[in-house]
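Student: Here is how the chains run, residue by residue.
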Amino acid sequence: MSALRDLAVKVGWTRLVLIGFLALLWLGAATSTELDLTVLFTDCLTRAAMNGVLVLALVPAVRAGVGLNFGLPLGIVCGLLGSVILMDAGLRGPACFWASIAFGGALGAIAGFFYARLLERVKGDEMMVGIYVGFSAVAGASILWLLLPTHNPEPIWPLGGKGLRNTLVLDGYFKHVLDGFAAVPFGRGTIPTGLLLFWGLLCWVLAVFLRTRLGLGLSAAGANPRFAESSGIDVRRMRTVGVVLSTTLAAVGIVVFSQSYGFVQLYKAPLLMAFPTVAALLIGGASVRVATIQHVVVGTLLFQSVLTTSLPLVNELVVKGEQSSELSNIPEIARLIISNGIILYALTRKEQA
Amino acid sequence: MPAPALALTDIKKQYFGNAVLKGVSLEVGVGEIHALVGENGAGKSTLMNILFGMPVIRETGGYEGTIRLGGDVIDPRTPSDAMARGVGMVHQEFMLLPGFSITENIKLNRERTRPNLISRGLRPLLRSRAASLESLDMATMRSDTRAALKQIGMSLDEMLPVAGLPVGHMQFIEIAREVDKENARLLVFDEPTAVLTETEADDLLRTMRMLAAQGIAILFITHRLDEVMTVADRITVLRDGEVVARVDRKDATVPRLAELMIGRALPEGERSRPKRTLSDEVILSVRGLEVEMPGEEVRGVDLEVRRGEILGLAGLAGQGKIGIANGLMGLYPARGQVTWKGEPFPLGHPREALRRGLAFVSEDRRQVGLLLDEAIERNIAASALEARGMFLRGPFARSNGALALYDQKAARLHAKAQIEALDIRCRGPQEAVRRLSGGNQQKVCLARALTLDPELLFVSEPTRGIDVGAKDRVLNLLIDANRNEGKTIVLTSSELLELRRVCDRIAVIDAGRVAGVLPPDAPDVEFGLLFAGERV
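Sequence order for the protein chains is Y and B. Just so you know, our numbering puts 102 at position 102 of the first sequence, and the rest follows in order with no gaps. Just so you know, our numbering puts 457 at position 457 of the second sequence, and the rest follows in order with no gaps.
Just chain Y, with the same shape it has in the complex (with noise of 0.2 angstroms):
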């Protein structure tokens, strides 16, 4: 009882939960005939990396002092204008990627500057305010997706002809630029090996910068804004790195989601997309105040995997054998539940740091 208690405290009981729930998840499909366990765990792994970035774009505001930065959609919205203004250009392949991710990121810079602008005048209420410009930032893109002078015929609605599409199709621009490199099989699964890499390498980087001048700079004003200024370090300055940053690899984080998802979805689609990479930095130990790349790691694992699994088990267990269309409704309706009990969980929980 004594170790258990033990390791409760070191790996923290919502982590103990949880991977509780994912072993009974697993055991469940072990047991199922249609389920191919290979499938789920490459899945796990892909769904986990697609969202790291986004996760990770989380941990320089968290240092800075701005506690969540629930304004992720405007990082998001920049990355997609990154992406459909290239792929409008005629770019294709790993070019349009990696010049997705250069153009996107430069977009997230400046508009994460006028952000940081923005919430240094409401500190105090960053996360609430950030939740509303998320929010204003999709309803914008939204008309500018339907104004954009786009030349492509392909991104466009197909009636009517004016405006991109819900979904833009990635097949022929940078669908799995990364899943696809040096991808190795396992089982009936693949290993999405480029993928894990660069998210690997971006929390890297990220862990190098935190450990430098300024990297240290950014975790004092935001450990103790006070400490930080008497020890002569601009918090103002620090506070717009941290989020020019945060949003910066928001608009990285899309243009990897999408991908691997092989699809760019606008309008709507980035809304609530904060909430589930703020519940995962959340179940992976991080706090308002502290946040760290094992905290990435650990909770979008974790979180991915959960979701992943739930839904084609559900599917086994109420909708199998069923043939009212009622029931196929079930398991999107258990996913819901499950992801937002996490995030409602997350949210609402006072962790010790």
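Calculated directly from the structure, the hints in this document are not laboratory data. A portion of the hints provided could be inaccurate.
[As the list claims (entries may be wrong)] Which residues of chain Y face chain B? A few of them, derived with a C-beta cut under 10 angstroms, are:
1) V208
2) L216
3) G217
4) R226
5) F227
6) E229
7) D234
8) Q265
Note that the structure is predicted; figures quoted are calculated from it, not measured. Yeah, the Cβ is synthetic: ideal placement off N, Cα and C, and Gly gets one too.
Chain Y is fixed; fit chain B onto it per the hints.
Tutor: Chain B alone, transformed into the frame defined by chain Y:
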């Protein structure tokens, strides 16, 4: 002889084994103005907390002794309990609702009401709670308010909103509220003149006398001895939780009270510290310094710091001594002419201050002085890393660039040396600062400042909240830094005794200005007078 309005007998109180009241007895007669004077930390606030039944008293184990109010023993358990028994309090900070009118403020929660249709109709259902649905009897409330205002000699429109009234008026509204309570027997004034102008203060004192003439007993807490001499009938002097004197006003003089308030024998041998000849070189010169630090405003300080000395800044809380170092280091908005080693010195730039060879150990150890959840090594390195480019490595280290890497090895090595040198008790340089005791945290703050290798070191309240043994060690560290490394030190402290132990000169700050500069062995009377707002 009638029973006194208030009689405290042998009140004792300790916080965590630390005795703050050691048997205090006090009597306030009906219609008497009784002054309670003492330094910060003498036990005045604790005594009032007991009288008002503040929860903090019960949470920390209650008190001993008895309180009699008009002859009845009371044991107030909550502030409302105390109020119900006729103890009124005029707060130092106003407890008024700005958007409400004077009448509403005075009558808040004691409203005069008339039954109406709804309250009558619901009475069978709600019983006594139906009273909360009754209509306000505005006419009666207004006439009550007018009467209360008149009682303290004020004529104001009782329907004016409180927001926008001059500060002095707000104080009077607080008093009117207490007076309006029907059973008001004892009023406590806690440093009521602190925020008032001189004329307002005079009005207040006149009002106090008026109230006393009407038979209300007044307990007047202050450190302004001239005010005491103006209004008090009797005076009790509190020092270190004990009553050191009880005098009638006619037997009291300001110097005598000042001496009683401060007077404390220095330990043997301390007085005999040989006088040092100080350098004549003025390293820092300050003219007309004003600092906007809430609660510790500085309003025009002129000061000269000589190379190699330890200058003490003394004074009571709220008088501005804390603001001086904070203003010079750029942590609060400041104005004034400052010359550092013969050159003009910019205010408002903490980084520039650090670069030019100043360093600061903040009075607020936990909020400003430390990154509580970070390791000792990181805390010690933090300022030097930022301002001096120390503990950096990698390709950008030379240029002190933003992307230079933190050299943890160097920081650890340095931290180990500091832990050794300052005798910081810890489990190693990687331990989080939060886990350390107050004294050891203070040493970490000191190590961080010394790592900057400053020429002038500001140290504020270095011994606040740390135990006695640690106090000595911290003070000795300061003396070492001064004697062995030639650091000039400006030491700000609320503990005069400690300043007198280590300083070469002591400047007493009062009302945001320098009241006077004294040698550490000056007589108690002189310190007491400066503390009490008198000029020597």
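Student: Each hint needs a verdict: does it hold in this structure or not?
Tutor: Now for the hints, and whether the structure bears them out:
A distance limit of 10 angstroms between C-beta atoms decides the matter here; for V208/Y the minimum to chain B is near 7 angstroms, and the interface restraint holds. Taking 10 angstroms as the C-beta contact cut-off toward chain B, the hint placing L216/Y at the interface holds, the least distance being around 6 angstroms. With a cut of 10 angstroms, the hint placing G217/Y at the interface with chain B holds, because the nearest CB-to-CB distance is about 6 angstroms. Taken as an interface hint, R226/Y checks out: its beta carbon lies about 5 angstroms from the nearest beta carbon of chain B, inside 10 angstroms.
Checking F227/Y against chain B: minimum C-beta separation of about 6 angstroms stays under 10 angstroms; hint holds. Hint on E229/Y holds. Least Cβ distance to chain B is approximately 6 angstroms, under the 10 angstroms limit. Taken as an interface hint, D234/Y checks out: its beta carbon lies about 8 angstroms from the nearest beta carbon of chain B, inside 10 angstroms. Hint status for Q265/Y relative to chain B: violated, with the closest Cβ pair at about 35 angstroms, above 10 angstroms.
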